[in-house]
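Turn these sequences into a full structure, and let the hints steer you where they fit.
Each chain, letter by letter, is given below.
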Amino acid sequence: MDMSDFKELYASESREHLDLLNDALLTLENNPNDMEMINEAFRAAHTLKGMAGTMGFDNVSELAHAMENVMDLIRDETLAVNTEVINLLFKAVDMLELLSSSPEETSGLDTLIKELKAYSQGDVVVEKPANTTANLKQDNDFNLTQEEIEMTQNAHGHPMTIRVKLEEDCVFKSLRADMVLDALEEHGELIKANPEIEKIKNEEFEHTFYVLFSTKDDKDIIYNSLNSVSEVEEVEINLIEDITELLIKEDTKPKEESKTTSEDNEKKKKPKAATLSKRLKSNNTIRVDVERLDSLMNLVAELVIKRTQVESVGRSYNLDELNKKLKPLSKVTTELQNAVMEMRMVPISLVFNRFPRLVRDLSQELDKNINLVIEGEDTELDRTIIDEIGDPLVHMIRNSIDHGVESPAKREAAGKDPVGLVRLSAFHEGNNVVIQIQDDGNGIDPEFIGNMAVEKGVISQSELETMSDNEIIKLIFAAGFSTAAKVSDVSGRGVGMDVVKNKIESLSGSVDITSQVGKGSIFTIKLPLTLSIIQGFLTKVANQEYVIPLESIQEIVDVNLDEIQTIRKEKVIHRRGSVIPLISLRNKLNKAELAEKRTEIPTVIVEVGDENYGLMVDSIIGQQEVVIKRINDLSENLQKIAGGAILGDGSIALIINVEEITTG
Amino acid sequence: MKGGDIMSEETGQIIVFDIGEEKFGVKITEVHEIIRMKRITELPINSPYIAGIINLRGDIISVIDLRKRFGIEDIVEDDNTRIIVVEFEGQNVGLIVDAVSEVLHIDESKVDVPPRSMSGIKNDYIRGIIKVGEHIVILLELANLLKSKEKIELDKES
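For the record, the sequence lines run as chains G and B. Going by our numbering, the letters in the first sequence line up with residues 1 to 664, in that order. Going by our numbering, the letters in the second sequence line up with residues 1001 to 1158, in that order.
Since the hints were derived computationally from the structure, they do not count as laboratory data. Don't take every hint at face value.
DSS-like cross-link-like pairs, simulated, lysine-lysine; straight-line CA separation at most 27 Å [claimed, not checked]:
| # | chain 1 | residue 1 | chain 2 | residue 2 |
| --- | --- | --- | --- | --- |
| 1 | G | Lys591 | B | Lys1068 |
| 2 | G | Lys588 | B | Lys1068 |
| 3 | B | Lys1068 | G | Lys456 |
| 4 | G | Lys501 | G | Lys519 |
| 5 | G | Lys591 | B | Lys1038 |
| 6 | B | Lys1023 | G | Lys456 |
| 7 | B | Lys1110 | G | Lys456 |
| 8 | G | Lys588 | B | Lys1038 |
| 9 | G | Lys540 | B | Lys1110 |
| 10 | G | Lys201 | G | Lys165 |
| 11 | B | Lys1038 | G | Lys503 |
| 12 | G | Lys456 | G | Lys501 |
| 13 | G | Lys501 | B | Lys1110 |
For clarity, every value in this text was computed on a predicted model and none was experimentally measured.
Okay, structure coming up:
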């Protein structure tokens, strides 16, 4: 691997940890006392620091270190979590993100580091709220949050506190502690540790630590198991009768208003109530380079062709035995092809997961209270659609928050909940994936839109009068339409809903709106579940690229001039005992024949029905997967071309309709 | 969209473009966008006026050479050549024009019926003419311009 490979690896791994960091900070903001979150954030920053150091990106390393210091203070509870700190940490995350892909973009870095240092060096004094949770000043005192109590109850065992004391002269405290924890894991679930697991692993304890543990086993078994670990001096186990007694007495929410509804907090807490031991296990996914997936797909496609050829040999020589054996082979290769195609399906959460952060930032910037609800994030889409649908969705959500949802004051005045709802959902419907963005804002006013449209010259006054409310609302998708009196940076300069609509339509999808003034709006995007993607072979004829669908191709050969015979005025070649008629694509496509005679002519042998034909081209380019786009020509004369495909450089390749061009 | 009643006091906006010596106009409401000339991919069809297809932000749209359509001699395209993308029956179609000059407000009541023959251009796709200052702007009827049966008539003629 050379430097650029390292850089790519670094960028994609950084991405993962940055996402973790982002999510942890988001959760921490809503649950300021969730120590696990600060630990996750700390771990992520720590890893990023290490990776950057290895790559020699000292500025990234320094920034991550500054973040670590601030987070350390939060961990120790010398610094309390509040909006300013979180915002600063988010700014740092954004800077880390920027630096990981463009390490030269260091403007603002020094100021940011200074600001972080100001916090960590105690220059900024933040008043801790009087009531805090998990007051672990007393070592054997476990004060639990409601969440932790639920976790314990969910663990379905007997809860107990265990005190473990290591021998005085124990050298490898963390090692022994690890062994103790491992031993415990075998018998049940760790709920909490005192000091926290991180600190135990870093040997930040004297000789004693406490564990809150839940197990179905008898306490004697636990006792013996732990005592059998070397250098463990004492083990004391106390069964807990009523776990709720350990609930911290004071209210755990910080004094400042939480930005989300309590209902939403409930929703957020439930998935996070996984015990520490569960979280320590890793995901069962692996990261695969997209290029490798693509090359796997190509290999499978070729395998399918070769199989077809073998099948045709079996058929033409009437080899019954072979034909019989080929049937299961055929089945397996088809399944293989389907499995590989399914690898391209990815869950829409890949796109949806940027939204919580986006909504949070926007809410702050625009002074709105938004509750973002995401549903159906497991819904799967083809990878190519996922890449393209992100931007339109971002734009629409921005629109909802900027123009749709009213300010909290306005909402209260209207008798609505001051917290606005934005619901993003995805589900399958028939052969489509449906994505909906719903808000309970002030809706789209047909009168306002109509007047705007006339003012901007999009429609005339008389046209306006003939349109229904629904048609008028749809005008927001018209070119040259923007309702913002000044284009705010939030909704983006010059990116109108018309661009969004075009993007969606280029994916063969559709977008629709329903809206009610005062109640809200729903944007519905429908996308086809599978794009018409085909594997094709790219060839060149008269300076234009043509795609021949792979499924028709038998083989590609260079035909020698002396191989060509003429039978009944038709040019043919002999191949594998059969006569294959030759067809010049230049001729069929109404192009002039090549001036100079060639001795070797690249020919694509295709199968149509039961017959083979050789299509002569100018040159072969290579195999390519393409998305078929319909061509709506107005002459209705376009039989020979099945559609168009947009190539990587934006040019159009025409897809040959093999049937028409050979037999038509 | 209701057709304009020539007798009413309507004003609308039109986009004026040049082809050869003549000026033409289409309603602004029919125009989706105006773009510079792009690489046109030819289609293997015997059409006298369909120039080919272009890639418009991921969409493939057909493009008509209006010079050919009107039977005017071809010229070499230059910096002023534009493609006017119009929306017709839910689809986008491009029209190649020499230059786009302006957007005008016109008073529908001032639109005149076109004379019987106008420099060889068939009447069916002209909905009227209007005098603007010193010039005459020929207002086009897109529906007829884009329907394929015109092509057959054109073929018959040649």
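For which of the previously enumerated hints does the structure constitute a violation, in increasing order of number? The structure conflicts with hints 3, 9, 13, although it agrees with all the remaining ones.
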